[in-house]
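Model the full structure from these sequences, guided by the hints.
2 protein chains.
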Amino acid sequence: MMRPPPRRPLRPRGDQLEKKPIPPLAPGDIRIIPLGGVEEIGKNMTAIEMDGDIMVIDIGFAFPDENTPGVDFIIPDTTYLEANRARVKGVVITHGHLDHTGGISYVMPKIGNPPLYTRNLTALMIKKRQEEFPHLPPLDIIVVEKEERVKIGNFRVHFFGVTHTIPDSMGVIIETPYGRIVNPGDYKLDLDTVNGKPTEAEEKAYSIFDQGETLLLMADSTNIENPGFSPPESEVHKNLETIIKTVKGRLIIGMFASQFERIIKVLEIVERLGRKIVIEGRSMKTNVEVAQLAGMLKIKKETIVPVQEVDQYPPEKIVVLATGAQGEEFAALMRMATKQHKYFQFKKGDTVLLSSSIIPGNERTVQRLKDNIARQGAKIVHYRTSEVYIHSSGHGNRGEIEWLHRKIKPHFFIPIHGHHQKLHVHADLALELGMPEKNIVIPDNGMVIDITAKGTKMHALKETVSSRLVMVDGSGADNVKEVVIKDRVMLAQEGIFVIIAIINQQTGKVVKSPDIISRGFVYLKESQDLLHYVRLMVKRKIEDATSRMNPINFDYVKNILREEIGKYLYQKTHSRPLVLPVLIEV
Amino acid sequence: MMRPPPRRPLRPRGDQLEKKPIPPLAPGDIRIIPLGGVEEIGKNMTAIEMDGDIMVIDIGFAFPDENTPGVDFIIPDTTYLEANRARVKGVVITHGHLDHTGGISYVMPKIGNPPLYTRNLTALMIKKRQEEFPHLPPLDIIVVEKEERVKIGNFRVHFFGVTHTIPDSMGVIIETPYGRIVNPGDYKLDLDTVNGKPTEAEEKAYSIFDQGETLLLMADSTNIENPGFSPPESEVHKNLETIIKTVKGRLIIGMFASQFERIIKVLEIVERLGRKIVIEGRSMKTNVEVAQLAGMLKIKKETIVPVQEVDQYPPEKIVVLATGAQGEEFAALMRMATKQHKYFQFKKGDTVLLSSSIIPGNERTVQRLKDNIARQGAKIVHYRTSEVYIHSSGHGNRGEIEWLHRKIKPHFFIPIHGHHQKLHVHADLALELGMPEKNIVIPDNGMVIDITAKGTKMHALKETVSSRLVMVDGSGADNVKEVVIKDRVMLAQEGIFVIIAIINQQTGKVVKSPDIISRGFVYLKESQDLLHYVRLMVKRKIEDATSRMNPINFDYVKNILREEIGKYLYQKTHSRPLVLPVLIEV
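Protein sequence lines correspond, in order, to chains B and E. Residue numbering for the first sequence follows the numbering used here, starting at 9 and increasing by one per position. Residue numbering for the second sequence follows the numbering used here, starting at 9 and increasing by one per position.
Since the hints were made in silico from the structure, they are not lab data. Please read all numbers here as calculations on a predicted model, not as lab measurements. Ideal Cβ positions, reconstructed from N, Cα and C, are used throughout, including at glycine.
For lysine-lysine, the following DSSO-like pairs were computed, each having C-alpha atoms within a straight-line distance of at most 27 Å:
{"no.": "1", "chain 1": "E", "residue 1": "K387", "chain 2": "E", "residue 2": "K256"}
{"no.": "2", "chain 1": "B", "residue 1": "K355", "chain 2": "E", "residue 2": "K446"}
{"no.": "3", "chain 1": "E", "residue 1": "K387", "chain 2": "B", "residue 2": "K417"}
Beyond 10 Å from chain E on every Cβ pair, some chain B residues (computed):
{"no.": "4", "residue": "N247"}
{"no.": "5", "residue": "K465"}
{"no.": "6", "residue": "G516"}
Selected chain E positions facing chain B (in silico; Cβ < 8 Å):
{"no.": "7", "residue": "D73"}
{"no.": "8", "residue": "A382"}
{"no.": "9", "residue": "R392"}
{"no.": "10", "residue": "H432"}
{"no.": "11", "residue": "D481"}
{"no.": "12", "residue": "S483"}
{"no.": "13", "residue": "V492"}
{"no.": "14", "residue": "L499"}
{"no.": "15", "residue": "Q501"}
{"no.": "16", "residue": "E502"}
{"no.": "17", "residue": "I508"}
{"no.": "18", "residue": "I510"}
{"no.": "19", "residue": "R527"}
{"no.": "20", "residue": "L586"}
Rendered as structure tokens:
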């Protein structure tokens with residue numbers, strides 16, 4: 009049993025509320041402004057302000073959903089930073105995933121292209137992506153190492169290495185007179201699989217928190233509802249090796265291109281076992297290139313073979329690594345599954361391993377992918393039916409999150425990264441661990457949170473900064489307007505009905521029969537009676553209206569048509585297409 | 009990290025292939041035609057043909073998805089049955105859920121309104137729904153009891169009771185000279201919670217299969233990928249009772265109106281504990297009414313109180329039972345969560361219990377519901393974070409499915425009910441249990457499967473019956489055309505761009521500047537330069553074309569405009585709106 013999905017965003021956006029100017033920050037106070045990532049998964053970005061300077065952590069993007077059709081992605085609203093660009097002294101990027109880097113190319117020029125601090129692999133990935141924007145000024149990237157210390161304006165900042173699914177992930181520490189501000193970025197714990205505790209290396213990375221005070225923790229809430237600890241990535245690697253060794257027939261592995269470490273591991277395993285691998289999907293190929301460039305992947309050239317040669321190897325000698333495990337329409341796996349791939353077709357005996365979880369909202373497309381693959385006779389192994397772990401999230405579960413809170417013992421806490429409800433659950437965890445409620449703020453995008461009174465008080469201002477949906481479309485312009493998107497959502501539901509009438513200016517009479525153009529409403533070929541009657545009605549309504557009118561008030565006539573024809577169409581079809589009258593005088 | 013969802017259906021539909029007539033069925037052979045429910049969840053319907061007669065099991069509907077915007081629901085394609093309506097002798101409905109009954113009102117008149125056999129509660133529910141279609145001829149419903157035997161044309165049919173989430177669920181048995189054909193409908197096993205085996209009553213219900221041969225089993229594949237046995241509904245009831253007893257503050261329970269047994273149980277518990285209950289949501293109210301009508305629910309009138317009085321009771325004395333646990337836009341829970349409910353607002357101290365799983369595809373809307381509820385300060389308990397079972401599916405898990413196969417020991421097997429890949433997994437289970445591959449057919453909608461040679465052979469014909477998407481819209485008409493839906497999907501992605509030019513028939517010159525109407529493409533107010541240039545281009549392209557033309561070939565000119573303007577718009581915006589030129593001669 010199913011229910012139809014709702015369609016429209018259900019909370020009034022910040023921009024629809026009246027804006028008051030943000031009061032200036034008193035010297036010595038600290039201001040935190042989450043600009044993205046606290047009401048959604050993706051577009052993570054936080055601004056921090058102190059002593060007149062502003063710094064930024066992460067500039068990600070989010071993918072669109074059913075409320076934003078035809079949009080390529082959504083970036084944070086940086087109106088506030090644009091207005092204060094002279095004070096933006098730098099940006100820190102915690103790691104190379106697009107939900108932390110995807111907005112860089114769009115946002116950086118708007119905020120004055122300040123220096124960007126990040127580790128080596130992340131820097132390489134950002135540069136690679138920036139190649140797609142040759143018209144932009146070059147980024148001023150400063151490569152840092154974990155535990156390095158830098159000054160960003162007045163901010164004293166240092167870093168610490170964290171475990172995630174991509175190398176060179178780091179957390180950020182800002183030193184303030186009242187203690188540290190900590191944002192670990194995306195993290196999980198590398199558990200010692202024997203005793204189930206964090207490894208020694210992990211304990212060491214976090215040992216900086218054994219001394220000193222932490223004023224504020226801002227931390228990821230993505231997997232707060234998953235109990236216990238997340239399975240270690242090393243276990244996934246071990247299981248993948250076993251599967252590659254033992255599977256009969258060809259093995260096709262689908263995974264995110266962002267699973268950087270796992271990709272490297274699979275390539276190493278394949279080479280060690282003397283097999284060949286085909287890499288399919290542009291982002292996957294790019295990331296393999298970057299991994300080699302960064303010196304993180306060293307394999308023989310001939311281990312990777314082009315897809316054209318896939319049939320030249322015995323089935324058990326070949327592994328295919330492909331993007332598209334989320335059922336994306338144009339990604340490698342879906343093209344293979346729908347027989348639209350030029351060189352690769354599934355066949356009986358193939359095993360498809362989906363080494364990924366399903367991103368909420370993608371269930372139907374993943375099911376379509378599985379259906380199409382099953383139809384070709386290939387076997388499917390996915391994380392829900394596999395008996396061993398073939399995927400593990402890069403985000404820590406509740407166990408890891410709790411471990412972090414206990415380790416860092418912050419005075420204040422702001423949950424970030426995730427849907428709003430997850431932030432509430434994360435806040436409840438902090439309460440359970442003994443933090444007083446007044447020390448926690450659950451943020452919205454655009455909320456302004458001030459730490460005052462020498463670091464003893466934290467509160468959210470009633471004033472907020474702009475937090476519109478900033479949408480980027482195919483042209484790369486980030487000015488897709490909400491009204492355009494609203495029209496799209498409406499067109500998709502009921503279609504459009506354009507009425508074109510030519511009116512003689514002198515007589516007010518309609519010249520010729522009105523034209524009607526309609527799409528997405530009813531099947532016109534089978535609706536000739538309806539159209540015929542609408543034409544008559546249009547002519548009559550116009551002439552009734554204009555007979556008492558000189559000069560003709562065209563807006564008035566259009567309104568009458570919109571209303572009356574709309575009403576008639578609804579009576580006849582129970583649809584409310586967008587009715588657009590076009591009146592032309594001759 | 010996310011990826012954008014794909015948009016278009018990816019398998020060519022049956023109707024796009026050339027149709028050959030279905031060969032007639034030889035006497036003594038049996039024909040099975042799955043008409044719905046084998047490539048999706050929902051719209052379950054199967055036709056069975058033998059000795060000239062046809063009978064049907066279930067007529068359900070499915071809800072639309074992102075590929076069918078603006079559609080209310082989708083029903084099975086019954087073209088084949090309509091052409092053979094004189095031979096359709098009867099319909100059996102296994103239980104009262106809409107994925108098994110929702111198509112009745114649309115399909116029955118088209119197939120000659122044959123007698124409909126079902127049990128009492130299902131009959132009441134079907135009649136209740138039929139009240140919404142007062143223009144239709146009355147249904148000829150014959151109420152049967154489990155274990156009753158009836159003749160439907162030449163078919164000898166009897167039934168057996170099964171456990172599902174709604175009372176009066178039944179399986180169907182058709183006796184043939186070669187053994188039984190069995191379709192258990194939707195079922196799970198009522199496990200004895202002590203020893204984890206089916207209860208005695210359950211063993212008894214299935215004892216009919218201890219003797220005699222089963223020729224063919226057609227069985228549900230919905231939960232084939234869930235390991236083990238599903239938790240018994242009785243355990244969910246026990247847990248709900250504990251929660252109702254112990255929760256502090258108001259308790260709001262969200263669940264499907266289709267969870268008939270659970271609704272009855274909650275009402276009984278509430279009354280027993282001396283509390284009051286508010287029922288919110290039209291379908292929930294209807295089902296409570298029907299349950300009382302059927303004598304399945306006997307509670308005092310005053311136990312149910314209207315929502316207007318919710319604040320007159322102490323928080324711990326009131327339970328609210330509401331529809332909308334899937335985040336449906338206009339359902340009770342979402343209206344409460346978005347403060348659009350006239351009489352009910354969430355407040356701190358409330359607990360919201362979502363006694364349901366999330367239907368694949370609804371994850372984003374459910375997350376939005378949770379976000380909105382969390383924002384009002386209420387606590388949320390859902391099946392993934394609850395420590396005890398607060399929901400159990402009505403569909404058996406793999407353990408139950410395996411039990412059924414072992415109990416029934418069919419000769420042939422056709423997996424039904426579920427996405428195509430699940431059917432493959434179900435077929436694999438049958439193989440594992442020892443069935444030869446040649447005895448299994450994995451069906452598509454519209455596939456024609458014949459059992460021949462005195463019940464010793466089963467095969468799918470290469471000919472298929474029509475299996476289009478039959479879409480029902482708000483007006484109740486089931487003639488929404490695929491081309492209209494395709495237009496909607498396209499309009500949603502790129503918008504529409506209408507060009508209106510008036511051409512002087514004699515000179516071929518454009519009279520006045522062309523008009524442009526566009527929606528869902530770009531923000532016109534900020535695109536004046538683009539529009540200006542397009543107007544000039546339209547005028548020039550038309551006059552270039554018509555200068556060498558007498559009479560004017562309007563289709564030719566329109567094609568040029570569509571192509572050239574489309575190309576220009578893509579260059580400038582990277583969007584491909586639907587370009588519609590309208591040329592008017594004067």
